[in-house]
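Asker: Sequence:
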Amino acid sequence: MKLKFGLIKILIEKFIKWLAKIFGISLEPPFEIVDNLDTFVKDKFNSMLENAQSFDIATGYFQISGWKVFADSVENLLNKGGKVRLLIGDVSKENLSPQTAKFLVHLIKNPQIEARTIKPRLLHAKVFMAKTEKELKLLFGSSNITLGGVEVNIELNTYEILDIESKKAKSFIEWYEKLWESAVPIKELPIPVEDLNKALFLSLLIKDLARVDLRDIGNFAPLKFQYVDAVAGVNRFFFQPGDKRGLMLAHEVGLGKTIIAGMILKHLLYHNHIKNVLIVAPLSIIRQWMGDLKNKFSIEPIEITAIKLKKFIPEENKVYIISYDLLKEHINNFHKEWDFIIIDESHFIRNKQTLRFKAVKELKSKFFLLLTATPMHNRVEDIATQFLLFVPEEIISKATQREISKIDRTKLFKTFIKRRLQKEELKDILPERN
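In the working numbering, the protein residues as written are 120 to 553.
In short, the hints are calculated from the structure, not lab data. From the three backbone atoms N, C-alpha and C, an ideal C-beta is built for every residue, glycine too. Be a bit skeptical, because a hint or two may be false.
Claimed, not checked - Simulated restraints, written as ranges between beta carbons of each label pair:
| # | residue 1 | residue 2 | range |
| --- | --- | --- | --- |
| 1 | 254 | 191 | 20 to 26 Å |
| 2 | 426 | 162 | 39 to 45 Å |
| 3 | 273 | 229 | 30 to 36 Å |
| 4 | 254 | 426 | 55 to 61 Å |
| 5 | 241 | 421 | 40 to 46 Å |
| 6 | 273 | 197 | 28 to 34 Å |
| 7 | 229 | 437 | 38 to 44 Å |
| 8 | 194 | 284 | 25 to 31 Å |
Stated by the list, open to error - Taking lysine-lysine pairs in the DSBU-like style, the calculated list, with each CA pair at most 35 Å apart, reads:
| # | residue 1 | residue 2 |
| --- | --- | --- |
| 9 | 297 | 286 |
| 10 | 483 | 471 |
| 11 | 187 | 238 |
| 12 | 447 | 429 |
| 13 | 447 | 415 |
| 14 | 429 | 483 |
| 15 | 427 | 413 |
| 16 | 427 | 394 |
Given only the sequences and the hints, what does the whole structure look like? Please build it.
Answerer: Structure follows, in structure tokens:
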């Protein structure tokens, strides 16, 4: 009897397909391309979750920056009694940041959310399924749960709404269930969160902010040392003691100081840590700055010209750029406090007797980022003068005293400076010759 009904079902399906072909009717469910160009993955997630009862995720890589842009929709799902399952790739101690660990603590404690990982093979698939009793909303393709995957990068995903009883829907559900059953529950974290007091955990969390975002934040792939230095810059923004904080990037020409500065700037802007930004640079490289920020980071700075200064009132959430010479002539227009100031070619202010230095010294900011390929010419005072923007003068005076040893002075300056040479970094970029 079962065989008979099975044959009848097959014949009916073939007949329907034949009729559809005759009349030019497509039996395939409509699908949509989701590529972060016309439609953003984050927006599609939000719409998928509106009436969902559950949300199943498979992602090769997971970053908090990608999760938080649709986290409110997940929270709404949970508040309605829904459930979330998360299959992710590598969660080893080396690759799991404290921020991700904090999120996983939330997962483990919330009975409505489960998180598992695949071992020993790496899960690289990207599949997202929002289910109701009758429908499966399916998105799959190239996007991971990262800021790049859900918003920044150009991706290629397809989205469609399937009948929950359709063959395609069942195939995806069965695929996910098979992996889920073989996956390992995430129960052990690389940091003992339960033993950390709140202040220490917050410290670890903020310190690692850059690690989860910076390589994903621009329209390019940074080199390893650029990423490392950008992380250092973001960490310095949060952790350096004092009302004024700062860092000098003293890399040789060609090692991408502008790129590193752009990564730091983009990260802090994106997470709303800063709103008012001023860049001071020689007139000859202002165009280069504007082009790099626009093309690599989608930041469009406003050049301050002599004409604009006549009615200049800095606005919130803007990045301004001005030349040294124009700044020293109109320093009275810049007495407000800025959240973040970048001083490019900072060796221009190595002499504190010059008008350039005096003008820059009057600027007020929570954080100064100095960029220079030649931090010192002939005197230790060359570096010390530049540090006066964010280092207390009594410390600078101590560093320039002849009595202080060279070793102590070096230790002191290393606190505020990162220096890289081309010959050192090329070792990691170019293969060695035999």
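Asker: Hint by hint, note whether the structure agrees.
Answerer: Now for the hints, and whether the structure bears them out:
At about 22 Å, the beta-carbon gap between residue 254 and residue 191 stays in the expected band of 20 to 26 Å. One distance hint, 39 to 45 Å for the beta-carbon pair residue 426 and residue 162, holds here, with the actual separation near 40 Å. Range check, residue 273 to residue 229: Cβ separation about 34 Å, and the 30 to 36 Å hint holds. At about 58 Å, the CB distance of residue 254 to residue 426 agrees with the hint of 55 to 61 Å.
In this structure the supplied range 40 to 46 Å holds for residue 241 paired with residue 421, their Cβ-Cβ distance being about 44 Å. Judged by the Cβ atoms, the range 28 to 34 Å given for residue 273 and residue 197 holds: they are separated by roughly 31 Å. A hinted range of 38 to 44 Å for the beta carbons of residue 229 and residue 437 is consistent with their spacing of about 40 Å. Judged by the Cβ atoms, the range 25 to 31 Å given for residue 194 and residue 284 holds: they are separated by roughly 30 Å.
For the proposed pair residue 297 and residue 286, the alpha carbon gap of about 16 Å is at most 35 Å, so the pair holds. As the CA atoms of residue 483 and residue 471 are separated by approximately 17 Å, the hinted pair is consistent with the 35 Å bound. Between the alpha carbons of residue 187 and residue 238 the distance comes to roughly 26 Å, so the proposed pair stays at or under 35 Å and holds. Restraint check for residue 447 and residue 429: the C-alpha separation of about 15 Å stays at or below 35 Å, so the hint holds.
Our distance criterion of 35 Å between C-alpha atoms is met by residue 447 and residue 415, whose separation comes to about 30 Å. Between residue 429 and residue 483 the alpha-carbon distance is near 21 Å, which keeps this suggested pair within the 35 Å criterion. The straight-line distance between the Cα atoms of residue 427 and residue 413 is roughly 21 Å, inside the 35 Å bound, and the hint therefore holds. This hinted pair checks out: residue 427 and residue 394 have alpha carbons roughly 20 Å apart, not beyond 35 Å.
Violated hints are absent here; each numbered hint is respected by the structure.
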